[in-house]
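Asker: Chains A and B supply the protein sequences, listed in that same order.
For the first sequence, my numbering begins at 1 and goes up steadily by one.
For the second sequence, my numbering begins at 1001 and goes up steadily by one.
Treat the hints as calculated values from the structure; they're not laboratory data.
On a predicted model such as this, the values are computed, not experimentally measured, just so you know.
In this text, a Cβ means the ideal position worked out from N, Cα and C, and glycines have one as well.
Among these hints, one or two may not hold up.
As the list claims (entries may be wrong) - Computed Cβ-Cβ distance ranges for the label pairs, DEER-style: (1) B:P1206 - A:I211: 48 to 54 Å; (2) B:E1187 - A:D278: 57 to 63 Å; (3) B:Q1009 - A:K105: 29 to 35 Å; (4) B:D1313 - A:D27: 43 to 49 Å; (5) B:D1177 - A:E273: 56 to 62 Å; (6) A:S271 - B:D1178: 58 to 64 Å; (7) A:S228 - B:N1025: 49 to 55 Å.
Claimed, not checked - Dumping the calculated DSSO-like pairs for lysine-lysine here, alpha-carbon to alpha-carbon at most 30 Å: (8) B:K1276 - A:K104; (9) A:K48 - A:K29; (10) A:K81 - A:K45; (11) A:K104 - A:K29; (12) A:K104 - A:K48; (13) B:K1008 - A:K316; (14) B:K1008 - A:K311; (15) A:K81 - A:K49; (16) A:K220 - A:K316; (17) A:K105 - A:K48; (18) A:K105 - A:K49; (19) B:K1008 - A:K173; (20) A:K81 - A:K48; (21) B:K1008 - A:K313; (22) B:K1008 - A:K279; (23) B:K1276 - A:K105; (24) A:K313 - A:K220; (25) A:K81 - B:K1276; (26) A:K316 - A:K173; (27) B:K1008 - A:K29.
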Amino acid sequence: MTDKSQHLLVGIDLGTSQSAISTSDGDRKVVDSYVGWPVDAVARKILKKEVLFGTDAVENRTMLEVHRPLERGLLKEGSDKDQQAIRELLAHLLELAGADEVRKKGGKVRAVVGVPAEALRVNKQHVRQAMRGLVDGLIIVSEPFAVAYGLDALLHAMVVDVGAGTTDFCVMKGRYPTEEDQRTLTNAGDWVDEQLHTLLAERHPGISVSIHTVRDWKEKHSFIGEESGPITVSVPIAGRPSEIDITEEVRQACESLGPPVAEAMLDLVASVESEYQDKVRHNVILAGGTSRMPGFGAYLERAMDEYGGGKVKVVKDPIYVGADGGLALAQDAPTSDWEKLPD
Amino acid sequence: MIGRRRLKQRLFEGLADDNLELIHNHPRGTIRRQREALSVRRHRTRRFVLAGGTMVVVALAVVTLGIQGNARADRTAATSGEVAASGLIPPPVRTSDEPPSGLAEVLSGEVSHPVGHGVIPLAVHRVVVDAGHGGRDGGAVLPGLGLREKDLTLDIARRLNRLLSRDIEVVMTRTGDDAVPLSERTEIANSSGADLFVSIHVNWLPDREARGFETYYAGATRDPFLEALAAVENRDSGFSVADSRRLLDGIYSDVRRQESRRLAEWVSDALFDTLKTSNPQVVDRGVMRAPFVVLVATDMPAVLAEVACISNDREARLLGLGAYRQRIAEALYRAISGYARELNSSDKGEAA
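Bound-form chain A, shown alone:
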């Protein structure tokens, strides 16, 4: 048996846009969830790597076969390459966190991996398969539950985790959330990107802009409610560099996210026993990368006004809140709760 003091515990938030890891050694890393393989020998020679991750993969995408394995928060089915990508991504995160070194020294690595609230069983099985040989112990957990646990919001609270691929809802009733305690919408950050892309194409028919560029614009300028000033960007239209104002398109795209999220939130509140609904409404936690959108929390609070009011707290560190929650779970989990994975 190994010395238990050598164990490394990690929490992993496997996200559509970014994946983060937090470790019991106090280390935290994040990578964009892109994996790219050189398309040919020439590309491999230039890049000098067998596989690239995150921004490296995006920046060199012309020489790579790039995969973003978690579309809409779920592993794409039926694609061996995407399954390989998810394994590469997990291996990369664990390597960044020093897990390989721990295992080489005979220590054990145990990971709590957060997945979307309503992830399909087949997706969870893919994650289990992907983790074989990478860690010694595994617990798969609903991502919003991990967030709630990390923030110690265990009772009469709701997490609204707005990521890139999915928006996950989880109401905490003092038990591990069941299916009826959770919701997942595919209206999330990527959906806003698509809306913005479509709106811009409709308004400027000759516009030539990639979804990556649109995503960058959204991340810089997104808002719900009052804009802080006009948003102008440079973009080729019919081949000619042009300066355009996209304020209205950004507003429309971002605000289109509000109604479905508010509706699902209120629907879930209604499922709580009536005497606790007020407590839950006043303890809504807005997490996930898209929670940084200015005005989003206030929008959700306004949506609760006619139901007796509510309070939305936006998490301070949306990038790591899920991974930190996973780590908190890993640190508290009884030894017998871990699934032991063979090499």
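Chain A is fixed; fit chain B onto it per the hints.
Answerer: For chain B alone, kept in the frame of chain A given last:
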């Protein structure tokens, strides 16, 4: 208002159920629904008992709940009583270390890691090793391969005895093919003043694809299947109704239960770590509570390990190999020494 500690415990129970359902591919919520159904049954039983004013019935309900229950496992039919009675008694298990043809690759290239002397600290002086079943009670039987649980458990127990007795005193509940009632086994353990009790069994599961090992410590389970399993293992226990109160006290003795759980976790870890090289598909089916009489009626930390599934064809073949049974014995030895080491260091820490 529910306490923080209890709240977290409840959350982890749910999380563990969710992961178990994933691992075993059960529909989501299956385990929770079973728990809830059982909770209703137990609540009804408690009300009935309190109305009748007799605690003895409570004890019987907890210890033997499921004996007449509709959840009686398919295992019942597969255990050896019926098979043995049918005249299909196979020859004793081969104890050769030579792998049979076709399975050599399983153990090829793998060197058994001998365990060192003197690694068990003084915190543990005496261990009772209990080879499950024996005599007329053959346990699970696989006639095709000539395997009987009673022979396999005895062989593993003997191997474990050889490893342990280099450092400490070992008490075997049986050394041959003897029928030893469960009450006598626990009496042997309690009268010997042993520090630990380790009972060795081999599993039979209705799902022939299921494989791996399970580790139990004493406790009232919420799983109807485990209660049925305990009922089967507790048959002919030799305990009277008058003993039942003491048995209940045994289940709910918190300190001993915590230590038993800790030992069970060591056993589970060691079995996985040791067996995965010979049996890469080995599955840790979990550390669980169950009211097995040998766990409930013993006074020291006690565990029962179902070390493999004889109902799984591949594991049955592995169990037929002396080398694999040696791995199991080594794993149990490592678990006992690891537990003892941890106990020793925590004692020192507390003393400091």
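Asker: Would you mind marking each hint as holding or not holding in the structure?
Answerer: Status of each hint after checking the structure:
{"no.": "1", "hint": "B:P1206 - A:I211: 48 to 54 Å", "verdict": "holds (51 Å)"}
{"no.": "2", "hint": "B:E1187 - A:D278: 57 to 63 Å", "verdict": "holds (60 Å)"}
{"no.": "3", "hint": "B:Q1009 - A:K105: 29 to 35 Å", "verdict": "holds (33 Å)"}
{"no.": "4", "hint": "B:D1313 - A:D27: 43 to 49 Å", "verdict": "holds (45 Å)"}
{"no.": "5", "hint": "B:D1177 - A:E273: 56 to 62 Å", "verdict": "holds (60 Å)"}
{"no.": "6", "hint": "A:S271 - B:D1178: 58 to 64 Å", "verdict": "holds (59 Å)"}
{"no.": "7", "hint": "A:S228 - B:N1025: 49 to 55 Å", "verdict": "holds (51 Å)"}
{"no.": "8", "hint": "B:K1276 - A:K104", "verdict": "holds (17 Å)"}
{"no.": "9", "hint": "A:K48 - A:K29", "verdict": "holds (23 Å)"}
{"no.": "10", "hint": "A:K81 - A:K45", "verdict": "holds (21 Å)"}
{"no.": "11", "hint": "A:K104 - A:K29", "verdict": "holds (21 Å)"}
{"no.": "12", "hint": "A:K104 - A:K48", "verdict": "holds (25 Å)"}
{"no.": "13", "hint": "B:K1008 - A:K316", "verdict": "holds (24 Å)"}
{"no.": "14", "hint": "B:K1008 - A:K311", "verdict": "holds (25 Å)"}
{"no.": "15", "hint": "A:K81 - A:K49", "verdict": "holds (17 Å)"}
{"no.": "16", "hint": "A:K220 - A:K316", "verdict": "holds (17 Å)"}
{"no.": "17", "hint": "A:K105 - A:K48", "verdict": "holds (29 Å)"}
{"no.": "18", "hint": "A:K105 - A:K49", "verdict": "holds (26 Å)"}
{"no.": "19", "hint": "B:K1008 - A:K173", "verdict": "holds (12 Å)"}
{"no.": "20", "hint": "A:K81 - A:K48", "verdict": "holds (21 Å)"}
{"no.": "21", "hint": "B:K1008 - A:K313", "verdict": "holds (23 Å)"}
{"no.": "22", "hint": "B:K1008 - A:K279", "verdict": "holds (20 Å)"}
{"no.": "23", "hint": "B:K1276 - A:K105", "verdict": "holds (19 Å)"}
{"no.": "24", "hint": "A:K313 - A:K220", "verdict": "holds (21 Å)"}
{"no.": "25", "hint": "A:K81 - B:K1276", "verdict": "holds (28 Å)"}
{"no.": "26", "hint": "A:K316 - A:K173", "verdict": "holds (24 Å)"}
{"no.": "27", "hint": "B:K1008 - A:K29", "verdict": "holds (27 Å)"}
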